[in-house]
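K.L.:
Next come the chains, spelled out residue by residue.
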Amino acid sequence: MADDQMPNAASDVEMNQYLADRGRVNEDKIRQDDEIIGQFGEYSYGWHDSDEAGEAARKGIDEQVVREISADKHEPGWMLDMRLRGYKAFVEQPMPKWGVDLSGFHAQDFKYYVKPVGKQAARWEDLPDDIRETYDRLGIPEAEKSRLVSGVAAQYESEVIYNSIQEDLARQGVIFVDTDTAVREYPDLVRKYFGTVVPPEDNKFGALNTAAWSGGSFVYVPKGVHVDIPLQAYFRINTPNMGQFERTLIIADEGSYVHYVEGCTAPIYSTDSLHAAIVEIIVEKNARVRYTTVQNWSNNVYNLVTQRAYVREGATMEWVDGNIGSKATMKYPACILAEPYANASTMSLGFAGAGQYQDTGAKMIHLAPHTSSTIVAKSISRGGGRSAYRGLVKIVDGAEGASSNVVCDALLVDDFSRSDTYPHVDVREDDVSMAHEATVSKVSEDQLFYLMSRGIEEKEAMAMIVRGFVEPISRELPMEYALELNRLVELQMEGSVG
Amino acid sequence: MSTLEIKDLYASVETKEGRKQILRGVNLTVNSGETHAIMGPNGSGKSTLAYTLAGHPKYEVDSGQVLLDGEDILTMTPDERAKAGLFLAMQYPVEVPGVSMTNFLRTAKTEIDGRAPAIRTWTKELTEAMKRLKMDPKFATRSVNEGFSGGEKKRAEVLQLELLKPKFAILDETDSGLDVDALRIVSEGVNRAKEADDFGILMVTHYTRILKYIKPDIVHVFADGHFVKTGGPELADELEERGYDEYLPEGSDSESALA
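These protein sequence lines map, in sequence, to chains A and B.
Mapping to the numbering used here: the first sequence position 96 is 487, numbers consecutive.
Mapping to the numbering used here: the second sequence position 132 is 179, numbers consecutive.
Next up, chain B with everything else stripped away, as it sits in the complex (with noise of 0.2 angstroms):
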């Protein structure tokens, strides 16, 4: 059983107009086993959460603390946190060219792991996973990302969650992009690494229809850089049925208007 708390946690970025403060005082725990949907307006600062609790350089903390199993992650680099347990399916999973997804998933696998996987086995729970989520066997050889569709790469960002068996995963709008079909396949591949692994999941989304294949255990609104509401799965229905438009400041377009 392991706990990931989130206490305070103030985070900034640097832009063209100066320092800009986006996290304020976010508070949130989360446990084992748990599913919590992290829901929000545009630009409410959801997917800079994720990023700052990778350790994205670009996000700078100000305050606050992010512990995993009481201890501090935000001292560390995102491969520390990699190892401490920490996943983060990215919304834009980034190309790297001339690097095979195996050889990348090898990789990350022996470095999380502390030693390299058993071959035999390794290829067969490779294999077995790209079928589950109906990859073609040739995803393997080809580049990290590269010349990917939306949709294989958020099933590629699965692949390695399923892989690389965190202890927390953090899902930042895997549900963009995606077609029904896609979006179930997906879907499917996370509900079946939380069955095997058991660990917490956050998922960030700005559409309540991931909900329907993911179903969370707690329903979160975040706007304005911290948590301003917390309820169960029917907060979704009510989010569903009237939008963001309570949670903006006042005069703001509700070009956040849900699908």
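This is chain A alone, in the form it adopts within the complex (with noise of 0.2 angstroms):
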């Protein structure tokens, strides 16, 4: 590669002016980031309406709050116990003192449970006004219509009030309801799997969840099911200083398959918010399950998720995960590889626009022989963006013919940007393969002056590139989310050049 670049003599010269400069650009950059990032907030994504409910929840959490939420939603014994286990654990564990700052973190700032309708609405039509016009700017019924969406589930402000199955799942035994409706219809098989992968003393911020937990999707998949189109959840935060604490619970019974795809959208809010999800997934033998995200918080969300799934024998879990936006993100999705040959791949792309902290990577936890594992993660940063690639690797002793691969690949849109890799490996035995790869790149003179030289503009050819390091993550994703994380990170671009 190297030589096949032309002669860079003078580069050193150029970057030691640039550094001179740096002070003043880099304030100039920021303050264009800004202005961008403020229009960006009132372009497609950002607005808010008028939000009576949000208004008259109260800030803060204690147990009688859990009590409450637990009360309210009419919850048997074993799910309150959970609850009070989980605020327990919030109480007495200590914040992370690794990973973004969360020294603005107060818990007591945010609300913890908002209710905005009475009852669950069954039909489109049932919707109050304003929320139904909420969701057509999310393009919800659009995407029903064009049958691509098999069940839609959408979270208001922590209830889910629309929910909508076809028959066909329905016919394949599929369930894809909420989570507070599956506790009531479903008391067995939620009890069976709640919080085995996610227990409620996990960290501090899945015990937060475990407490306050509002809404999310649960899926069952029955053995031998493969649900043909992608299941999807559309959710967004529409109330100021309002946590967000779905629990989301896929459990794929014995060789079946279903895609799971959540894409959400935050308007931008002067105050912080916060967003603490735990998604549990359980994937039995030889079943397949891939999970797909694609966030755009705005930037002054707390983006503190827990995602993890238990892997058995022959089965195979994918991690599909695209970040954008938000203030700090710490999300690392898990797998635990149980039983011989299973296998995961977690693909994630990060983007760290200015003031923003992308924290994120995965975690694979080879329990036994002939696992395998991939992880690629990519990250782009830019404006005094941050983004670090925080991975974890543990074969234990036993895990015989494991293997694990990782590419970590961070490009660098500036000179004032950061990136940075802590890969952690932990093997224990001596049969394993093992592979890490990371590059960090800049996005170089010359690649944009190849494009320009074609005839393409500055603006465009640095878009391109941009893309074309995104595209193994985005041909991953279901095409309208393809497009959409391609607006997104063009979004995020603009001002970047000139």
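Treat the hints loosely; a few may be bogus.
[Said to hold, decoys possible] Below, computed lysine to aspartate or glutamate pairings styled on DMTMM-like, alpha-carbon distance capped at 20 angstroms:
1) A:K833 / B:E193
2) B:K105 / A:D806
3) B:K276 / B:E52
4) B:K63 / A:D837
5) B:K105 / A:D837
6) B:K212 / A:E848
7) B:K276 / B:E288
No wet-lab data here; the hints were simulated from the structure.
The two chains are supplied separately, each in an independent frame; assemble them into the complex guided by the hints.
P.N.:
Here it is as structure tokens:
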């Protein structure tokens, strides 16, 4: 590669000159970015509408709030106990001292339960006008009409209010409901699996979710059933200071297949918001689950998510994860490869713009022989943004023939953004195959020049290079999400040249 | 009929040792349909001339003018120069991972023409041009220059030349790294494109062998940052025989002997 480039003798001098101007450029860039992100907020993804329910909800969490949430949902005693365990762990556990800056995080500033409507709506027409309008802007009815969506569980202010399952899913025995409904209607199934992959005491923010969870999706796919079209969930945060604690539980029984897609957009607010979700997935023998996220939180959201899958013999788990936006993200989709020949992959993209810190990665825990895992983590930093890959590959003694492959690629769009890699490897078995590859690249002057010399404007040339970098992730997404990801990346890239 | 005029061009580059002037008073006029060979020893500044004309940000123009049909292109960005009708076939085409050749070529064509090419004729044009250059159809789906061999990269450059139809084509060491067969295919591509579009060619080369395939009308010797001699095709034969020694500063090695 190196000798394929033009001679680069001048670059050091140029760099020194550039560094001298850096302070000023830095400020200019960030101010420019702020304007763009401000516009971005007013663009197609940022708005907020009237919010009576949110204003009424009170801030903060204590044991009484946890009990009220549970009582309000008429939950069985075991779920209340689970919530209280979570609350206790949340109070007892210290804040993480690694990863993103959480000094601005104050648990009592958030609202923990906001209930917008009295009962769940079964049909689109039953939704209140302002909520329907909100969803119109998210394009849900169109998506439904196009029959691309096999079911929509749309979350609005902590409560799933709109829920539709197409008949063929039900006929196959697939359960796709919000998790609150699942607790009421499928208590045995929920109780059997809830909290088994992510226990209440797992981590501080997981504990908070366990205490205060509301909404999320519950999916059960029976033995041998292949769900042909992706199950999709849309939701967004619409109340300032409101915590969003959805709880998703997916069980893929033996030999089944399901692809779950989660897409998020959030409007801009002046105060910080919190998103602390848990996704638990059980992949039974020879089943396959793919979980796709394209999230675009506004740049004041703390996005602290625990995603973990338990993967049994011969089963496959795939996380595809696009993290754009948020103030700070900590998210490390994990797979426990519990039985022989289980395999898993994580493909993730983090985009850190000005004032953003994306601390993302993956965890692969190999507990059995011949398990295999792949991690592909890509990050883009610009405008002084910071992204980090933080990963763990653990292979226990006795997991002979296990293999793991990690690839981290970071792209720096300018000279004052930052990218770090923290790969942790813990291997206690000799007979394993491990590979780790990390690259950090800059959008090079020569790449830009090459495209520009073919008539392509600098801005579009930059966008092409970044889209190209993202392509290995976007090609894994359903078409409409791939387009959305590209559009979001392009919006984030605006103002990065000239 | 178009004209490219280079008038008393001086240009510099920043190096570790400081600013260094590389182009020192370049004068040249090229008309549509003419093929000029620009030959010279290594380090004489031939490639700098090529990149300066195309507007690479590394090279800074100190003084002089470059007029394309009377308009000074030196104030233009590289994309504006391309739209004005300039094309640079690079010695080391750059890889752009994740961007497919198809997407890249269509985007470039759209930008240069100011409108998107009609899908049906475009696909046909692309497929046939690739076939003539003996390129595997799979190239269209591969990332721009990524993992291409030297010969494949050069063919891809000539493919772009054929499709983008410039007024003036600068070929920077297009013959380097090519075996005889590839050299023939690439040269035929250039000749075909020129026959179709009658553009002017500035062919930068160290060796004379490409001149057997792409016949120059005028041959220039470039040394020490400017043209030192101009003649007809016979000048190339002379260089073939005697090398560049007489054009080198006193006391320098004759590492630039012709192969």
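K.L.:
Given the hinted pair K63 of chain B and D837 of chain A, is their alpha-carbon gap at most 20 angstroms?
P.N.:
holds, 19 angstroms
K.L.:
Next pair to validate is K276 of chain B with E288 of chain B; report whether the Cα-Cα distance is within 20 angstroms.
P.N.:
Judged against 20 angstroms, a Cα distance of about 16 angstroms means the pair holds.
K.L.:
Taking only the CA atoms, is the gap from K105 of chain B to D806 of chain A under or equal to 20 angstroms?
P.N.:
Answer holds: K105 of chain B to D806 of chain A is near 17 angstroms, not above 20 angstroms.
K.L.:
Taking only the CA atoms, is the gap from K105 of chain B to D837 of chain A under or equal to 20 angstroms?
P.N.:
holds, 9 angstroms
K.L.:
With the threshold set at 20 angstroms, check whether the alpha-carbon distance from K212 of chain B to E848 of chain A stays at or below it.
P.N.:
holds, 18 angstroms
K.L.:
Check the hint pairing K833 of chain A with E193 of chain B against an upper bound of 20 angstroms on the C-alpha distance.
P.N.:
holds, 16 angstroms
K.L.:
Is the Cα-Cα distance between K276 of chain B and E52 of chain B 20 angstroms or less?
P.N.:
holds, 17 angstroms
Of the hints listed earlier, there is not a single one the structure fails to meet.
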